[in-house]
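Chemist: Sequence:
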Amino acid sequence: MITYHSIAKVGDIPEGEGRAYHLEGLMIAVFLKEGQYTAINDFCPHQGAPLSTGYVDEEGAVTCPWHAWRFCIKDGTWLDNPKSKLQVPVYPLRIEGDDIQVGLELPEEEAPSTPAD
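Here the UniProt record's numbering is used: the first residue of the sequence shown is 1, the next is one more, and so on.
There could be a bad hint or two in this list.
In silico EDC-like links for lysine to aspartate or glutamate, alpha-carbon gap of 20 Å or less [claimed, not checked]:
| no. | residue 1 | residue 2 |
| --- | --- | --- |
| 1 | Lys85 | Glu34 |
| 2 | Lys9 | Asp99 |
| 3 | Lys74 | Glu34 |
| 4 | Lys83 | Asp99 |
| 5 | Lys83 | Asp98 |
| 6 | Lys74 | Glu59 |
| 7 | Lys74 | Glu15 |
| 8 | Lys9 | Glu96 |
| 9 | Lys9 | Asp98 |
Simulated from the structure, these hints should not be mistaken for laboratory data.
With the hints as extra help, turn the sequences into a complete structure.
Modeler: Spelled out as structure tokens, the structure:
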């Protein structure tokens with residue numbers, strides 16, 4: 001079950017940039033590119049650099065500020081080696097009113113139970 005959490009307001013993130021937010025023990029990078037928000041894990045899998053501070057190019061790739069690894073901000077693919085299974089986690093995102101909300105999967109033991117019929 002996915003639970004959505006408000007983490008920012010529409011307008012908090014400038015076009016073509018990202019910002020990092022702490023949510024449930026995770027650091028999540030939220031980007032605004034061409035009017036669309038996306039959310040990925042903020043840590044580069046190479047050495048943990050904050051992807052939210054990286055350069056976002058016109059194709060929607062964020063470049064890691066430490067060693068220039070590039071990742072797609074929509075699906076987390078490692079663009080320097082697209083055949084690799086390495087990628088950063090991606091999170092569902094929605095806009096509710098002026099809230100930017102990121103969805104996290106609840107572990108089974110935390111998901112609300114439904115009564116049996």
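Chemist: Compare the structure with each hint and give your call.
Modeler: Status of each hint after checking the structure:
1. Lys85 - Glu34: 27 Å, violated
2. Lys9 - Asp99: 5 Å, holds
3. Lys74 - Glu34: Satisfied, since the Cα-Cα distance of roughly 12 Å is no more than 20 Å.
4. Lys83 - Asp99: Violated - the C-alpha atoms of Asp99 and Lys83 are around 35 Å apart, more than 20 Å.
5. Lys83 - Asp98: 37 Å, violated
6. Lys74 - Glu59: Answer holds: Lys74 to Glu59 is near 10 Å, not above 20 Å.
7. Lys74 - Glu15: 15 Å, holds
8. Lys9 - Glu96: Given that 20 Å is the threshold and the Cα spacing comes to 10 Å, the pair holds.
9. Lys9 - Asp98: 6 Å, holds
This entry does not satisfy hints 1, 4, 5, going by the numbered hints stated previously.
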